[in-house]
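Q: Here is what each chain is made of, one letter per residue.
2 protein chains.
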Amino acid sequence: MSRLVEQFERLPGIGRKSAQRLAYYVLQLPQKEAEEFAQAITEAHAKIHYCKVCCNLTDQDLCPVCRNEARDKTVICVVEDPRDVMALERTHEFKATYHVLHGAISPLGGVGPEQLCIKELLDRIQAGGVQEVIMATNPTVEGEATAMYISRLLKPLGVKVTRLAYGIPVGGDLEYADEVTLTRALEGRSEM
Amino acid sequence: MSRLVEQFERLPGIGRKSAQRLAYYVLQLPQKEAEEFAQAITEAHAKIHYCKVCCNLTDQDLCPVCRNEARDKTVICVVEDPRDVMALERTHEFKATYHVLHGAISPLGGVGPEQLCIKELLDRIQAGGVQEVIMATNPTVEGEATAMYISRLLKPLGVKVTRLAYGIPVGGDLEYADEVTLTRALEGRSEM
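From first to last, the protein sequence lines stand for chains A and B. Residues 3 to 194 (the numbering used here) are what the first sequence spells out, left to right. Residues 3 to 194 (the numbering used here) are what the second sequence spells out, left to right.
Please keep in mind that the hints were generated in silico from the structure rather than gathered at the bench.
Because identical chains share one entry, a pair is satisfied inside a single copy or across any pair of copies.
Lysine to any residue pairs mimicking SDA-like chemistry, simulated, CA-CA at most 20 Å apart:
#	residue 1	residue 2
1	Lys75	Thr185
2	Lys19	Ser4
3	Lys157	Met194
4	Lys49	Arg69
5	Lys157	Leu124
6	Lys75	Glu189
7	Lys97	Gly190
8	Lys162	Glu122
9	Lys157	Glu134
10	Lys75	Arg191
11	Lys97	Thr185
Just need the whole structure built from these sequences, with the hints factored in.
A: Here's what the structure looks like:
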């Protein structure tokens, strides 16, 4: 029992009490469901790996976006995390492809460029056909540094590098926007 | 006592219980402090009025921004609310002037253009010397409609009309950005 609790406790956002609650829940599951649960974990680990092209997670050679003939392969949107791909897919507006870095450069966190899927991105661009790379790393210090680093690598390859717009979020309130965001929104103003 | 409670209850965000708590607090104040409180309310009403130029609140003819010789008078930033002026002033980056509309056009809320300080804005621009008007109304449906409405009035006057950038707020996380904001951030991307 304590081994099971310990396993649950390792999950992010789960403390000792929650882990115990989850462990008791799993114990009282019917044998069949518990086995399905265990199997789902093992199978996910065995089958899910990086997409050969964009490094997103997939259980096939290529992820659904890279497999899709209708997607515009001349534009690559670079994100830190597979969850960012999901966020961008939810907009239903982005019809091109992604590249997942699996992190951001963080000297304090001990993450250097070689630990990210940057080489794979360079390979894609050197293979030709890419016109624009949109840097969609997070609007944080690390995300910004990663975007700058990759942008410097890409520019000599003759590809257009763009960055997501900073500004006020839609539906928000100016009064509650932070100073840096307001400054960026003023700098980035466009003619109506 | 119940009259005092009723008065407090009219304040935004104050319910019956809070109003009672505040009323009791005021009652137990020393006579002098209670009088100062009452006087502050009366005086504010008597002395504070709209700035003659920008319609911001002030106790003089002109507000501190309009009085300041160093501010760039050729650019006007149009906001809905005096609190938005405070938010923009906190950035310490904006060195031009403001115009406070005191609301946004809202057909459902019964607010039409004639209830806002739009005439005063047109007067300022017709007086000459203004090169750019930055529409900094809130990124909501009402704010957007107000920006569009004013922009249509201003364009025939030959003045440049711009809008604050929409996009991801600085320091945020792509994963938690809503779909509309992400779409705007993608549309508004700029070359690095």
